[in-house]
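Participant: Sequence:
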Amino acid sequence: MLLLLLPEQVSEHWDKIKLAVEKSLPPLVGEGPEKMNNILMSLLDGYLQCWLSFRDDGREGVGFVITSILSDRCSDTNSLLLYCIYGFKKTKGSDWIEGYEALRKFAKSRGCYRIVAYTKEENLIRIAERFGGDTYTFISVPI
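When you line the sequence shown up against our numbering, it's residues 1 to 143, in that order.
Possibly wrong hints are sitting among the right ones.
[Said to hold, decoys possible] Derived CB-CB ranges, DEER-like: (1) SER94 <-> LEU4: 12 to 22 angstroms; (2) LYS89 <-> ASN38: 23 to 33 angstroms; (3) GLU122 <-> PRO7: 28 to 38 angstroms; (4) LYS16 <-> ASP134: 32 to 42 angstroms; (5) LYS105 <-> VAL141: 34 to 44 angstroms.
Quick caveat, the hints were computed from the structure, so don't treat them as lab data.
Glycine residues also receive a C-beta, built at the ideal position from the N, C-alpha and C atoms.
Turn these sequences into a full structure, and let the hints steer you where they fit.
Facilitator: Okay, here's the thing in structure tokens:
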């Protein structure tokens with residue numbers, strides 16, 4: 001089960017969320033001194049969304065996802081970006097299926113055309129392919 005946290009819940013649990021975010025940020029995120037403050041502000045103002053994944057009984061958190069709506073002006077389409085994903089515990093296939101369904105419904109309600117993510121994790125690439133996703137190589141070169 002994947003639940004969207006309210007801004008008050010993000011504030012209340014920021015210490016735990018912050019540690020997980022730091023461990024799971026994509027490489028394209030820079031190292032600016034205000035990075036984590038900017039992420040917190042974006043979670044509080046709704047630019048980013050924080051989702052907590054629970055097991056069936058609803059008491060055991062197994063991980064979280066932070067998302068954002070990306071707008072492509074040229075194609076006039078929106079996509080739901082999986083900004084970062086972090087697991088506190090080993091996940092099961094059912095966790096991914098339930099999470100995908102929740103994110104798909106959310107994305108659709110926000111006018112999104114696709115769910116997108118950056119990853120080098122082979123397991124996540126295989127999961128995306130099982131859901132019918134296209135996988136590409138992202139190139140990032142520091143300047």
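Participant: Hint by hint, say whether it matches the structure.
Facilitator: Against the structure, the hints come out as follows:
Our hint of 12 to 22 angstroms for SER94 and LEU4 holds, since their Cβ atoms are close to 19 angstroms apart. Restraint check, LYS89 to ASN38: a C-beta distance of roughly 28 angstroms satisfies the suggested window 23 to 33 angstroms. At about 34 angstroms, the beta-carbon gap between GLU122 and PRO7 stays in the expected band of 28 to 38 angstroms. Look at LYS16 against ASP134: about 33 angstroms separates their beta carbons, and that is inside 32 to 42 angstroms.
The hint said 34 to 44 angstroms for the Cβ distance between LYS105 and VAL141, and at roughly 36 angstroms that hint holds.
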